[in-house]
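Q: This is what each chain is made of:
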Amino acid sequence: MKYMMLVYTDETIWTENEREACFSESVALTHELHGKGQYLTASPLHPVATATSVRVREGRRLVTDGPFAETAEQLGGFYLIDATNLDEAIAIAARIPGAKKGTIEVRPVYELPGLPRLN
Amino acid sequence: MDKVRSTVGVGSVEEVYRLESRRVFATLVRLLGDFDLAEEALHEAFTTAIEQWPRDGVPENPRAWLVSTGRFKAINVLRRRAKFAASLAFVATRLEELGKETAEPADQDVEDDRLRLVFTCCHPALAPATQIALTLREVCGLTTEDIAAAFLTAPATIAQRIVRGKAKIRAAKIPYQVPSLADLPDRLDSALTVIYLVFNEGYSASAGASLTRSDLSEEAIRLGRLVAELLPDAEVLGLLALMLLHESRRTARTSPTGNIILLEQQDRSRWNRDLIAEGRALAARAVAEPTFGAYAIQAAIAAVHSEATTATDTDWKRIVAWYDLQVQADASPVVELNRAVAVAMRDGPKAGLSLVDAILNRGDLTDYHLAHAARADFARRLGRFDDARLSYQRAYDLTRQEPERRFLEQRLREIS
Numbered sequence: 001m002k003y004m005m006l007v008y009t010d011e012t013i014w015t016e017n018e019r020e021a022c023f024s025e026s027v028a029l030t031h032e033l034h035g036k037g038q039y040l041t042a043s044p045l046h047p048v049a050t051a052t053s054v055r056v057r058e059g060r061r062l063v064t065d066g067p068f069a070e071t072a073e074q075l076g077g078f079y080l081i082d083a084t085n086l087d088e089a090i091a092i093a094a095r096i097p098g099a100k101k102g103t104i105e106v107r108p109v110y111e112l113p114g115l116p117r118l119n
Numbered sequence: 001m002d003k004v005r006s007t008v009g010v011g012s013v014e015e016v017y018r019l020e021s022r023r024v025f026a027t028l029v030r031l032l033g034d035f036d037l038a039e040e041a042l043h044e045a046f047t048t049a050i051e052q053w054p055r056d057g058v059p060e061n062p063r064a065w066l067v068s069t070g071r072f073k074a075i076n077v078l079r080r081r082a083k084f085a086a087s088l089a090f091v092a093t094r095l096e097e098l099g100k101e102t103a104e105p106a107d108q109d110v111e112d113d114r115l116r117l118v119f120t121c122c123h124p125a126l127a128p129a130t131q132i133a134l135t136l137r138e139v140c141g142l143t144t145e146d147i148a149a150a151f152l153t154a155p156a157t158i159a160q161r162i163v164r165g166k167a168k169i170r171a172a173k174i175p176y177q178v179p180s181l182a183d184l185p186d187r188l189d190s191a192l193t194v195i196y197l198v199f200n201e202g203y204s205a206s207a208g209a210s211l212t213r214s215d216l217s218e219e220a221i222r223l224g225r226l227v228a229e230l231l232p233d234a235e236v237l238g239l240l241a242l243m244l245l246h247e248s249r250r251t252a253r254t255s256p257t258g259n260i261i262l263l264e265q266q267d268r269s270r271w272n273r274d275l276i277a278e279g280r281a282l283a284a285r286a287v288a289e290p291t292f293g294a295y296a297i298q299a300a301i302a303a304v305h306s307e308a309t310t311a312t313d314t315d316w317k318r319i320v321a322w323y324d325l326q327v328q329a330d331a332s333p334v335v336e337l338n339r340a341v342a343v344a345m346r347d348g349p350k351a352g353l354s355l356v357d358a359i360l361n362r363g364d365l366t367d368y369h370l371a372h373a374a375r376a377d378f379a380r381r382l383g384r385f386d387d388a389r390l391s392y393q394r395a396y397d398l399t400r401q402e403p404e405r406r407f408l409e410q411r412l413r414e415i416s
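These protein sequence lines are chains A and B, in that order.
Numbering-wise, the first sequence is residues 1 to 119 according to our numbering.
Numbering-wise, the second sequence is residues 1 to 416 according to our numbering.
Rather than coming from a laboratory, the hints here were simulated on the basis of the structure.
These figures come from a predicted structure and were not determined experimentally.
C-beta: ideal position from N, C-alpha, C; glycine also.
Please note that a few of the clues may not be correct.
[Claimed, not checked] With a straight-line cut-off of 30 Å between C-alpha atoms, the simulated DSS-like cross-links for lysine-lysine are: (1) A:K36 <-> B:K168; (2) B:K83 <-> B:K73; (3) B:K317 <-> A:K2; (4) B:K350 <-> B:K317; (5) B:K350 <-> A:K100; (6) B:K317 <-> B:K168; (7) B:K83 <-> A:K2; (8) B:K173 <-> A:K2; (9) A:K101 <-> B:K73; (10) B:K168 <-> A:K100; (11) A:K101 <-> B:K350; (12) B:K317 <-> B:K173; (13) A:K36 <-> B:K73.
[Claimed, not checked] Not the full set, but computed from the structure, chain A residues with beta-carbon under 10 Å of chain B: (14) M1; (15) A28; (16) Y39; (17) L40; (18) A42; (19) D65; (20) F68; (21) E70; (22) A83; (23) T84; (24) N85; (25) A89; (26) I90; (27) R107.
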């Protein structure tokens with residue numbers, strides 16, 4: 001069973017040292033998950049200020065800066081992992097460094113047939 | 001089971017249904033891995049029982065018979081569906097193999113299945129309202145209409161909660177297992193919260209004309225007994241004790257016209273002594289454990305009340321001592337308010353008033369009707385009627401419950 005873990009935190013509250021610590025903890029966690037065969041992929045994202053929104057309406061492409069949601073927390077990174085059930089996924093989510101400052105949204109992945117295989 | 005073997009008829013099937021259907025359901029959920037399929041299998045198994053038992057007699061072990069019949073029915077259902085989806089044929093074959101090992105589940109397994117069902121329905125990944133609806137539906141076997149009536153909600157709302165809850169269990173793969181030791185304290189907490197909410201909804205309805213809805217309280221006590229039997233943790237015993245001790249006063253706490261009778265004015269001869277004896281024994285067991293917490297403490301307090309033959313006989317020193325312990329463990333404003341009431345009984349209304357004012361002045365509980373009602377009561381007992389009237393009025397404006405409003409109206413009349 002695959003779970004997507006979306007890491008939401010307030011981008012503005014991280015000091016440079018905290019960010020470095022978060023990265024190295026995350027790398028260690030991904031290696032541990034990889035050792036157990038649970039790691040699929042993971043990555044931090046550049047700040048939301050670098051985001052671009054693309055919409056297609058009536059065949060026309062609309063490109064804008066953003067999104068700038070009203071919420072205090074922004075999507076800052078993600079993990080895609082393999083776990084036997086939600087309890088196992090929750091245990092992994094609780095170890096993601098961002099959980100201490102923000103929120104990890106755990107979403108089961110919908111298995112769409114016909115996609116190219118991961119790995 | 002022996003008592004149903006002699007009588008063979010639809011009546012005996014009904015009896016077995018009442019006693020066993022939820023146990024059979026819990027085991028079928030584990031074997032089949034799906035709530036809806038388990039429900040369908042359960043009904044097919046009982047339909048077969050209604051046909052066969054009056055003719056062939058009730059089987060030696062009806063529970064095992066129902067589980068194995070249900071499993072076969074489910075395999076047939078999957079085979080029928082497999083004509084449309086090839087993957088289900090594989091599932092059906094797997095089930096057949098799996099079933100050979102577990103055709104006759106041991107009693108212990110069946111009991112564990114019921115606990116698994118409680119923990120799955122009370123999973124914190126489900127919204128609290130969904131946890132309650134699912135627990136009452138799947139563990140207790142209440143109908144959607146019963147649950148809706150008990151919570152004064154539209155049946156469609158409850159049905160939607162249950163459907164969404166089951167969909168999340170399936171899609172997010174909420175496991176069907178008793179949590180690991182590391183997760184158990186949190187998960188148990190979540191299950192006990194659901195049980196206590198169900199009890200309280202039955203004991204003091206949050207809105208509406210009737211003060212108690214006893215069926216819900218009975219279900220909550222049944223759930224408490226189930227968990228206590230399988231997992232006799234201090235807080236589980238504490239919660240069960242607390243519910244039994246509250247329940248013991250049910251008939252004494254409302255007048256024939258449906259008005260509230262406060263603890264100090266209750267006719268204590270109407271308290272149920274059997275429930276008190278059981279509740280006190282459980283409370284004593286709970287606080288003897290090193291891991292006891294808020295439920296055990298509340299049970300211990302209720303036990304002290306239950307010992308007093310009259311309200312004036314109450315051992316307020318011991319009650320305040322329990323509250324002191326509770327404030328240490330969980331310094332919530334509501335706990336502080338309860339402690340203030342106990343202190344007022346021990347040291348007089350002046351002491352209580354200054355404690356409640358301290359809580360209200362720092363901005364806590366200002367919208368909680370019982371804080372104002374307690375304050376009003378202390379002021380009244382001190383003869384400060386103008387002050388009391390303002391607080392009674394504030395409490396009145398904040399409560400939605402009819403009997404509470406009538407009680408406060410009466411108090412207002414008494415001092416004006």
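Q: Against this structure, judge whether each hint is valid.
A: Hints, verified against the model:
no. : hint              : verdict
1   : A:K36 <-> B:K168  : 26 Å, holds
2   : B:K83 <-> B:K73   : 16 Å, holds
3   : B:K317 <-> A:K2   : 57 Å, violated
4   : B:K350 <-> B:K317 : 17 Å, holds
5   : B:K350 <-> A:K100 : 45 Å, violated
6   : B:K317 <-> B:K168 : 49 Å, violated
7   : B:K83 <-> A:K2    : 28 Å, holds
8   : B:K173 <-> A:K2   : 10 Å, holds
9   : A:K101 <-> B:K73  : 50 Å, violated
10  : B:K168 <-> A:K100 : 26 Å, holds
11  : A:K101 <-> B:K350 : 45 Å, violated
12  : B:K317 <-> B:K173 : 50 Å, violated
13  : A:K36 <-> B:K73   : 38 Å, violated
14  : M1                : 5 Å, holds
15  : A28               : 20 Å, violated
16  : Y39               : 19 Å, violated
17  : L40               : 16 Å, violated
18  : A42               : 20 Å, violated
19  : D65               : 34 Å, violated
20  : F68               : 29 Å, violated
21  : E70               : 23 Å, violated
22  : A83               : 8 Å, holds
23  : T84               : 8 Å, holds
24  : N85               : 4 Å, holds
25  : A89               : 8 Å, holds
26  : I90               : 7 Å, holds
27  : R107              : 8 Å, holds
The structure shown violates the earlier hints numbered 3, 5, 6, 9, 11, 12, 13, 15, 16, 17, 18, 19, 20 and 21.
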